[in-house]
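Construct all of the structure, not just a fragment, from the sequences and the given hints.
Line order of the protein sequences matches chains A and B. First residue of the first sequence: 1, per our numbering; consecutive thereafter. First residue of the second sequence: 1, per our numbering; consecutive thereafter.
None of these hints come from the bench; they were simulated from the model. Among the hints, a few may not be true.
[To be verified] Mimicking SDA-like on lysine to any residue, the simulated pairs with C-alpha atoms at most 20 Å apart in a straight line are:
#, chain 1, residue 1, chain 2, residue 2
1, B, K57, A, E103
2, B, K55, A, I102
3, B, K63, A, K11
4, B, K3, A, D56
5, A, K11, B, P40
Computed from a prediction, not measured in an experiment: that's the story for all the values here.
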Amino acid sequence: EAEVAQSPRYKITEKSQAVAFWCDPISGHATLYWYRQILGQGPELLVQFQDESVVDDSQLPKDRFSAERLKGVDSTLKIQPAELGDSAMYLCASSLSLAGFIEQFFGPGTRLTVL
Amino acid sequence: SQKIEQNSEALNIQEGKTATLTCNYTNYSPAYLQWYRQDPGRGPVFLLLIRENEKEKRKERLKVTFDTTLKQSLFHITASQPADSATYLCALDAGNQFYFGTGTSLTVIP
Chain A
1 EAEVAQSPRY
11 KITEKSQAVA
21 FWCDPISGHA
31 TLYWYRQILG
41 QGPELLVQFQ
51 DESVVDDSQL
61 PKDRFSAERL
71 KGVDSTLKIQ
81 PAELGDSAMY
91 LCASSLSLAG
101 FIEQFFGPGT
111 RLTVL
Chain B
1 SQKIEQNSEA
11 LNIQEGKTAT
21 LTCNYTNYSP
31 AYLQWYRQDP
41 GRGPVFLLLI
51 RENEKEKRKE
61 RLKVTFDTTL
71 KQSLFHITAS
81 QPADSATYLC
91 ALDAGNQFYF
101 GTGTSLTVIP
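Quick look at the structure:
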């Protein structure tokens with residue numbers, strides 16, 4: 001069964017360093033999402049792509065976070081510089097399209113710890 | 001902004017009983033609402049979707065209701081099993097944004 005791949009699974013970094021996360025969605029899925037999930041809370045949408053275009057990034061802290069999906073397939077989320085408050089699980093999800101009623105398939109996530 | 005509230009406390013029930021989880025929302029009228037299951041350290045897994053014009057949806061031991069007047073969805077697991085223990089998240093669309101609730105932790109006691 002096709003799955004969303006993410007790497008790394010775990011990342012420990014010191015504050016002020018740069019980190020990057022990678023996501024490979026299910027083949028054929030046009031829509032890709034990045035979420036941040038703090039322990040004990042629900043996922044919070046950071047950015048969503050339709051193919052290579054950003055559809056919504058209103059919740060992305062643009063002073064330090066950036067996301068790209070250059071060829072409309074895999075995607076990278078970067079944080080520079082990392083802050084202590086960025087410690088969280090970063091989840092990537094994909095769906096067939098942006099149209100409503102479409103379920104999202106999530107990857108295993110990247111657990112980030114900022115020291 | 002959209003606000004979604006789920007049972008704030010963890011829910012513990014005896015095996016075989018029916019678990020009922022609540023999702024309340026404000027400030028928007030979503031076209032649909034979804035329920036996901038999340039196990040510790042893993043990404044959420046889609047369970048059910050219910051549209052605004054549907055009152056009830058069933059899938060095996062799962063049942064979801066959607067009351068757009070009350071702005072509430074109820075999620076039921078009948079004949080619960082220890083394997084149902086997990087966190088359950090509701091999620092809805094609000095225009096071109098997607099919001100998750102904080103989740104309810106369910107423990108089914110053998």
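To see whether the hints hold, each was checked on the structure:
For the suggested pair K57 of chain B and E103 of chain A, the alpha carbons sit about 15 Å apart, so the restraint of at most 20 Å is met. Taken as a hint, the K55 of chain B and I102 of chain A pair is honoured in the structure, with Cα atoms around 19 Å apart against an allowance of 20 Å. Note on K63 of chain B and K11 of chain A: the hinted pairing is violated, with a Cα-Cα distance of about 38 Å set against a maximum of 20 Å. For the hint pairing K3 of chain B with D56 of chain A, the CA-to-CA distance comes to about 18 Å; that is within 20 Å, so the pair holds.
This hinted pair checks out: K11 of chain A and P40 of chain B have alpha carbons roughly 17 Å apart, not beyond 20 Å.
Comparing the model with each earlier hint shows a violation of hint 3 alone; every other hint is respected.
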